[in-house]
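Work the whole structure out from these sequences, hints included.
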Amino acid sequence: MGTSKAERLADEELMPRIGEKDPNAFEVFYDRHGGVAYSLAYRIVGERGAAEDVTQEAFISIWRSGARYDAARGSVRTWMLGIVRNRAIDFLRSKAGRAPKLDFNDDSILEHRPAAEQTESEALQRETAQEVRGALDELPGEQAKVIQLAYFGGFSHSEIAGMLGVPLGTVKGRMRLGLEKIRGELAEGLT
Amino acid sequence: MSENGHDRHRDELAAYLLGALEPGEAAELERHLAGCEECRTELEWLRPAVQLLPESVERVEPPPQLRGRLMEQVRAEAASTPESRPARRWSIGGRSLRPVAGLAAIVLVVAAVAAYAIGNGGSGGGGNSTTVVSGHSPGVVAQVVSDGDSGTLHLANLHRLPPDEVLQAWVQRGERVESAKTLFVPNQDGTASATIDDMDGVSTVMVTAEPRGGSVQPTSKPIASVSMPQ
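Here the protein sequences come in this chain order: L and X. Just so we're aligned: the first sequence equals residues 1242 to 1432 in this note's numbering. Just so we're aligned: the second sequence equals residues 80 to 309 in this note's numbering.
Please keep in mind that the hints were generated in silico from the structure rather than gathered at the bench. One or more hints might be untrue.
[Said to hold, decoys possible] Below 30 Å or equal to it, Euclidean Cα-Cα: the simulated DSBU-like pairs (lysine-lysine) are:
no.	chain 1	residue 1	chain 2	residue 2
1	L	K1336	L	K1386
2	X	K300	L	K1336
3	X	K260	L	K1336
Right, here's the structure in full:
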């Protein structure tokens, strides 16, 4: 299949092509998502060279396992970003001498959820980066911090409690309140 | 499940979505979720807040060479995929390799201790320059396809790596061994490919297993090494 034809396909239609080892389909997939993938990897590992390695490793993994993607279990973009995050966090933990906490079972990234619940989630995916950043910016600092340490730092709640010198229950509470506020902001007009 | 147990698990839903629970805690929560519709509903309501966190990061333009390296590797792997290239094969030691068209030079190497004698005897490779092989992976087959200043290393019959290891390619120029700046992992079928950007003056291409992230110098014996014709 030519690149121009692949460009007209949705992500979910590209994945079977990638599973059939079509380089043009993969090229289109990278052009669509390589930017956000590299940005996420760089946000987590903080070094351009390492971010390149992480992104390359994640995309090669997708190239080799594209056939395992299941559209019924989540969006391609969410699946791809989960793979990038897993590898970036693993890189961080290896570098810091911490035991890897995440496995490399990319299938586990796909959530198990009823089809009816996907519609709203896919609509939310279309929220702009600015809106998400706005929701994060509006969080109280202590809530944003625990969320960022967990998601972008790969720290467990007990590690975060130790770092901040606060009880474990406080960390859990801040995570919950923070996510509820983000979700509430994103849900405006959609629920 | 007691009310206290339910509340405790509900309080952990956000940490679970953020990947911040320890594995044992996550497993316990998953068991609770299987029987608690209220928690499942809340989990699914919260999930998009985490899914959208990657979208919040400041955009950084990926370097163009990343795309180039990726596509080179992908096209090389596609070219060596049986269903994508029904072409003639060379058979080496009972294994077959597919040729890649339009390439300037091809070196085939059987990387197995058993094949060492064949390589030394000068009878392997059907007239192509053949060499090598030491290492701990009997049966590994290596092929370097050079094209101008660059080259592509193809490997077959590789063993699965531990999750904390990657393969790293090295090039030797004179006495000096340098990283080819290529990290990769085997496919599920035991094949792998890697691009060597600069083949100028390279006498040997080697592959070692290294800790994830790569090493400055090889830290293990080569799985395969390929001597290039000079």
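A quick look at each hint next to the structure:
| no. | hint | in the structure |
| --- | --- | --- |
| 1 | L:K1336 / L:K1386 | 22 Å, holds |
| 2 | X:K300 / L:K1336 | 23 Å, holds |
| 3 | X:K260 / L:K1336 | 18 Å, holds |
Of the numbered hints listed earlier, not one is contradicted by the structure.
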